Amino acid sequence: MDIKEELLYDFGLNLPRILVSGKTGILDNVKKLVMVSESQVIVHNGARYTAVTGKKLTIKQLEDERMMITGEIERIEFYGTQQDD
Amino acid sequence: MKSKESNFMEHSRTIRIEGFQLDRLLTECMKKDIRLRNIRMIGDMELTLKIKNVDYEKLRRLTKSQYKLTILEDKGYKPLFRKIFSNKVALVGLVLFLFLIYYQSLFISEIRVSGYESFTEARIRESLKEAGFYEGCRKNIDINEVKNSVNNDLGNIVWIGITYQGSLAEVKIVEGTINLTPLDRSRPCHIVADKAGYIEEVIPLQGLRALEQGVYVQPGDVLISGMIPMASTAYGTPTEHVTERYVHAEGTVTAKVPDRFVYYQNRYELIKTKTGSRIFGIEICLGDKRINTAKFMNSYEVAEYKTIMSVSAIRPLPIRITFLTIEEVTLSRRERTEEEILKLAETQLRAIIKEKLPEKAEITNKSLNFVPGENIIEVSAMIESLQQIGTEQEIVIGNTENESQ
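Residue numbers (the working numbering), protein chains in the order written: chain E, 1 to 85; chain H, 86 to 490.
In short, the hints are calculated from the structure, not lab data. Quantities reported herein were computed from a predicted structural model and do not represent experimental measurements. There are no misleading hints in this set.
Over the 12 Å line for every Cβ pair with chain E, so calculated as not near, a few chain H residues: (1) M94; (2) N138; (3) K149; (4) K163; (5) E202; (6) S234; (7) D269; (8) R345; (9) L371; (10) R400; (11) E413; (12) K451; (13) L453.
Here are the in silico distance ranges between beta carbons for each label pair: (14) E/N14 to H/L154: 28 to 38 Å; (15) E/E63 to H/G128: 19 to 29 Å; (16) E/N14 to H/Q106: 20 to 30 Å; (17) E/M68 to H/T248: 45 to 55 Å; (18) E/A51 to H/Q106: 12 to 22 Å; (19) H/R146 to E/S39: 25 to 35 Å.
Calculated Cβ distances over 12 Å to all of chain E for the following chain H residues: (20) E103; (21) E285; (22) I288; (23) I364; (24) S417.
In this text, a Cβ means the ideal position worked out from N, Cα and C, and glycines have one as well.
Go ahead and model the full structure; you've got the sequences and the hints to work with.
Here's what the structure looks like:
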């Protein structure tokens, strides 16, 4: 990863960014919660959407545009708007 | 981040929110900087979450009447203290408990003694108790005074250390060496007198008898000499001029040792006659504080205290409760008879002999003399006993100063 790519990654404030480790997932750049249930959490990141699907999902922490999800994470999907597509 | 955590520790609330579009409410919370924890969805229209108490009002304003809020639980040290302080009985109990813990720490609840060899632990504990250092006494006792008292009482103590570990007192002692090791048999020595007396019998096993029977000796006088004169017949050799040889003197020396002891006894015997009237009382000792109910009620001129029953405990507090009676008595006295005085003098003398004379001493003669005073009788006893008085003294060859000693 060169400097340009790193800068784009760091300052991409409207893009999905997620870190998953075991039963924990940390979502950054959370602008809006679109759907929250025990099996799915969908958030809007400004430019795109992120969907985390699994079982017994709990939002352990929600603050400063950051969300920590725990549970059995099975799938992560990213969506764009129709205009983007 | 630490301050945010500490706010949750301080006071947080678990609440249930019921209503439509809960995801929108969560987005609003995030935008208003309301920090949320443990968000759990229960169906489509209900969730539970944890929120700081300071943010609760903000959330309530945000929800208006569209959502139903129910407080499920208050957590943190603030509500805990509030709960404790609202219960007066629990508060009094807590204060009492803390006071008991503090008050207990003012006393010694256990004493451990270590380092003793020739003394028994019981003897050391007795000596400590005499000095006022016992299980249940206050910690602010003067340690130096205790040490001095134990030193004076036991004698053969080189060092004594007292340290506290909470309510436990550790007493360490180091004993001195008073038992002299016997002299090596290969080294020459004299047998000398260790006390004054008249020589009764000298049986030399090795060495030369130095004194005749009946001679009065002082401590240090040679009784059996380890230096034996000899006439050398090794003519023409370097040992021709040797005129004595040295041996390790051995043998027993018995002497008549006179001792004089003076002691006293009462001329009159005090007679207590009970009048029949009595009162009962309770004495409560808490540490070094003492309350005796009988003292307030006692109006007798002369009285005798008698303990009926005593109950004591060290933990949690050093307390002793004693039930006692105070009986009124009248005092009178009578002069003791000669027979009684003589009987007591004999008993006293036996105790003195047991304490002062060696165990193997054989009493050959004794006489008692009584000098009556105003209230006391002075008894002087002359004891003549047969005792072994010989002890080894090393001969240091080539050192005239030591030899002369």
